[in-house]
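J.: Listed below, chain by chain, are the residues.
There are 6 protein chains.
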Amino acid sequence: MLERNAGRKFNELRPINITNNFLKTTTTSVLVEFGNTKVICAATLDDKPVPFLKNTGRGWLTAEYSMLPASTQTRTARESTRGKVGGRTHEIQRLIGRSLRAVCDLNSFGEKTIYVDCDVIQADGGTRTASITGGFIALAELFKKMKTEEIVKEIPLKDYVSAISVGIIENQILLDLEYAEDSKADVDMNFVMTGSGKFIEVQGTAEQVPFDKKQMDEMVFLAAQGIENLISLQKKIVGNLI
Amino acid sequence: MLERNAGRKFNELRPINITNNFLKTTTTSVLVEFGNTKVICAATLDDKPVPFLKNTGRGWLTAEYSMLPASTQTRTARESTRGKVGGRTHEIQRLIGRSLRAVCDLNSFGEKTIYVDCDVIQADGGTRTASITGGFIALAELFKKMKTEEIVKEIPLKDYVSAISVGIIENQILLDLEYAEDSKADVDMNFVMTGSGKFIEVQGTAEQVPFDKKQMDEMVFLAAQGIENLISLQKKIVGNLI
Amino acid sequence: MLERNAGRKFNELRPINITNNFLKTTTTSVLVEFGNTKVICAATLDDKPVPFLKNTGRGWLTAEYSMLPASTQTRTARESTRGKVGGRTHEIQRLIGRSLRAVCDLNSFGEKTIYVDCDVIQADGGTRTASITGGFIALAELFKKMKTEEIVKEIPLKDYVSAISVGIIENQILLDLEYAEDSKADVDMNFVMTGSGKFIEVQGTAEQVPFDKKQMDEMVFLAAQGIENLISLQKKIVGNLI
Amino acid sequence: MLERNAGRKFNELRPINITNNFLKTTTTSVLVEFGNTKVICAATLDDKPVPFLKNTGRGWLTAEYSMLPASTQTRTARESTRGKVGGRTHEIQRLIGRSLRAVCDLNSFGEKTIYVDCDVIQADGGTRTASITGGFIALAELFKKMKTEEIVKEIPLKDYVSAISVGIIENQILLDLEYAEDSKADVDMNFVMTGSGKFIEVQGTAEQVPFDKKQMDEMVFLAAQGIENLISLQKKIVGNLI
Amino acid sequence: MLERNAGRKFNELRPINITNNFLKTTTTSVLVEFGNTKVICAATLDDKPVPFLKNTGRGWLTAEYSMLPASTQTRTARESTRGKVGGRTHEIQRLIGRSLRAVCDLNSFGEKTIYVDCDVIQADGGTRTASITGGFIALAELFKKMKTEEIVKEIPLKDYVSAISVGIIENQILLDLEYAEDSKADVDMNFVMTGSGKFIEVQGTAEQVPFDKKQMDEMVFLAAQGIENLISLQKKIVGNLI
Amino acid sequence: MLERNAGRKFNELRPINITNNFLKTTTTSVLVEFGNTKVICAATLDDKPVPFLKNTGRGWLTAEYSMLPASTQTRTARESTRGKVGGRTHEIQRLIGRSLRAVCDLNSFGEKTIYVDCDVIQADGGTRTASITGGFIALAELFKKMKTEEIVKEIPLKDYVSAISVGIIENQILLDLEYAEDSKADVDMNFVMTGSGKFIEVQGTAEQVPFDKKQMDEMVFLAAQGIENLISLQKKIVGNLI
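Here the protein sequences come in this chain order: A, B, C, D, E and F.
To convert, note that position 135 of the first sequence is 135 in my numbering; the numbers rise steadily by one, no gaps.
Start counting at 1 in the second sequence, then tack on 242, and there's your number in my numbering.
Start counting at 1 in the third sequence, then tack on 484, and there's your number in my numbering.
Start counting at 1 in the fourth sequence, then tack on 726, and there's your number in my numbering.
Start counting at 1 in the fifth sequence, then tack on 968, and there's your number in my numbering.
Start counting at 1 in the sixth sequence, then tack on 1210, and there's your number in my numbering.
None of these hints come from the bench; they were simulated from the model.
Among these hints, one or two may not hold up.
[Unchecked claim] Each computed PhoX-like pair below joins lysine-lysine, with the alpha-carbon atoms no more than 25 Å apart: (1) Lys455/B x Lys213/A; (2) Lys940/D x Lys1126/E; (3) Lys1126/E x Lys538/C; (4) Lys24/A x Lys910/D; (5) Lys144/A x Lys48/A.
Here chain A stands alone, though its shape is the one from the complex:
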């Protein structure tokens, strides 16, 4: 039996901390911590449409993700300096965007664009799942503010959404991998699920050893439990909106 840091059980989340209204500059911003992983999530409304929706009357939500150079133990080169966004970043920010769009009504606020920025301050595994979980809160707060300001009539959310990772290390299935675990996992699987327990995204990768159906079922089971806990937490912070 693998021992986890801080005596964590195989099906246990790391300590989750969420600080709402983290920044004074932006009205809706959240510091989300999954153990030592820390991400600042902020939601902003931009009055301009994205180019491909011009003259359609529809809005959009776009997510951007980035890691501070000092967020990792070996310094991560800055993508602005390299002049291009890398493949991993593209993959993650597309995942965050799809996950949040899946629970929004994008037709309710006209040709505007919502930006959800997820900036990783400290990375210890699970930055994409923390980003989705925290990004939802920033988004919900933005919608609440938009309702107050009468930009929308109702809060345009169809459900809550959270995300968690599950992995397999030496044949053992573990919830919410931290970096030291993630780096030796044979399988890494990310789940994005709604408040009503349905799947929005399922992304499993066998880096080393392929997995079978039984293992997948167990991973699904663990993930569903973890996400239930995260969504309870979200409800405490943003209230019952749906």
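With the hints as your guide, set chains B, C, D, E and F onto chain A.
T.: Then chains B, C, D, E and F, alone, in the frame of chain A:
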């Protein structure tokens, strides 16, 4: 009951055609056709290592994916002209690369780099699954040639690998979506599986309507059948290598 | 006397094959083969003007050219990955564009843009001449379709256009060089000519040994013969349009 | 007489808070707060030389500066997404780099590169002065660690360094401008000074109204006082190193 | 006492030559020479607004600066070939732009953009100060022409502006450094001042040895004298405009 | 009969002025003037090989071409600002490079790179032909210097090389087009020829009206005369080297 083009059943693949040695210029190249989707897959060996593996003694496999501008009904702008590779392309070529690396022994041929190029000539849904399926064949042919030339002692493959998509349209689960189906699907799920029936990649996305565990199980079941057929086909072409 | 592959005479074209309506996705696409050189040419109409012709009432034709990485014996690095279009590509696509624009009436279809995409599947010398020759056919087919759809009243073509290369190897003048010849040629000259036998573009380069007027005259003579054959072929495919 | 927020006097700094060892990932990182301006400064040692110092035996220090999109009241577009580092960022990171290099002995640790990353979490004026002041602390901590690890024999610092801004609004000179002041200032002047009270950088800009020698002298006077305070603070945190 | 080239005194400018109407292509262009430093400055009016001032009714002035590859003793790589504008160039062109904008009324000519191009033909120190000094003349000439053409009613200049450098070498303060001096200076300071003797920009950098208040005062004194001479020269060329 | 500016005859060059040693910074630089067209050509030796010739023992010559923004009557946007070299620039600098390489022995000076920079100060037609003609002189001067410094034993030139344009306007053939002529020409043809009267490059483009063999012959005749004059001029400046 949804009707599919050409009277196809819900659990039926489109006609699959594979033309080995498609190009005279490159020794290992394949034209793979999933119905009207046509992809040229080619595998090339480059004697130079990728920068991050310099002086490690290890090799690498990298995949690149691109669509001809005329491969889609509305012309697709060329990424070379736009000056950068888009997020979707990044996502797909990373998926192809991970899928093929998962069945290779990258330590067997020194500090060299294998390129698997997947160029979509005609796109009608399933270009990424066709790319993985055809890319494996080009790769296997390259390894056979490398063995003949004594660059490797044994063919460095641990298993076969194929990929297929499954989707949900109006609550009905369908195998191997073509474009007209894909564009109205509520859920789109891609499976990458080995010859021994295990999962390498599972990527499901609920574009419109979240899905539940029962639906996921049914999608897994359909995908496994489809992939079994594709792997039989691969074996006919490249022979029993593993 | 130099011997050519397949017993070809000094003034003989390689076998020319043209497959009209090659792709199902795009209405006007052509596979053109000059021996082992294979290029997919497609013509597309875009309703938006190019920026520099906005509010002038005039249309434009722009050509793009690219080689598949696997089209050459040594893999060609992808320009999208390198982040910029190289000088040779720029030079060729500008040549194709000028050649086709020279026979069009760009004032007849309003502020629209025609894209002629030339994608080299297999490269064995003469890719630019094959692109112009095949590009004309795709363009003519697009104009026929635009006439049917009443976007233009008359087919806006002033003449046919084809292109061919001539070279000098060891003092011997040869028509339509294939790659093995091209790579050892002292002089390489490309001609673009009309159905009425006039010049649109003449581009001669002495890579190794400068040439004199007498040699230029002989090259002109050979080229004119080759182009006459190509234009007969074009007429068979697109019909008598002018 | 202009009234400042929180009853601050014209010659008073905002509350300065410095949290040493802010991140667990990086050994030397600092959160520096000048009022509501918050910057994470981190110093990292990279074993590779910068290209232009290869084979010279000399080291280098390079600074990078960036603002989180949500750090400003109107969202700041991400430079990685735009594909290039803007002029203002270039200007600031060059200033930080020059300021820190001016107090270092770059010949003492071989052909290595020190990165000082300054990431603005919340921007309320004075981000460049906070970056220099906090960057020095991160750098000093890195040097202490390098001494412990015997990479350097002595701490290669010649002096302390801090920075502060002074501005003129309606003819009144103010120390340490916050954003609301900065945006209406006629003159904005940044000073970088050493522990021994000398100038390293002086950068004054009359955005609206040119200034005279008497005003410059008063600004110098105010800045020197402010910097003295900042350097006392630095000494408390990193100790007496020089 | 340091000896300067050509017996120049510590407080003496190099020979200054200004050739108005240098180019036939552009109506307002100037060749400015500070000793061996030669810069072509040209001012052009563009009818389009800069994007961020669209629909504000205001105009803008933007400066661009570049060095010919052959302008320096070691060839300078071309920024167009490298694909990006470097930090030093950004810094200089922002300085030129701010300096010239500080004396203009940008509200007087509508939503237009003025480009001031400064191209260094030969670099021997002081290229940025020559650019500002010559750029002002090109700008004044452009405004005179705009008045003649009734685009503005009055010449929209609030003052003259010139720039000069001062440096410290071996404790000696010198005016208008040439390259051989600049490269061994401990301190390099650039001043931008108006015809009425006020400061627009002050930028001092201690590359090697920090400087004190007394040295700064002496540098200010020298700079003010130098600038007075430059502004007399400007008045002779463009006339009394203000 | 068309009248040309300054009473020039159809077969007459514009006044050609060549100022050798134009810049003090670079040892080999030339200002070449074809009428109002002014280009600074400079040749520089770089000790590093171009990447593709590393470890081959061979040298290379590369040409770069650029226009000052103010060199044209409508300001030309700077390619460094746009972030990429345009197609026309690529085409021209490749032509200059090929033309000069054709008369050099690149195997005589080891793995070094020669840069020939052609910077257009004032553009009035014929910038590419002036660049080749002047670039040859800068190159010859560089080789003379390399011989003096014993980097080469003999001057590695096989022949002289110059270039000139010929055009057709309203059926009349004219030598050395200036901009006003070029912009209304039906045909524009550039010739690069050697001192021994042979062709290195022939590039003819029918922008508007295709041309026939008789016209081409007349253009060749005119060009050969023009080039003879240019080469006499080159011999006067660089001496008899071959």
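J.: Against the structure shown, which of the earlier numbered hints fail to hold, in ascending order?
T.: 3
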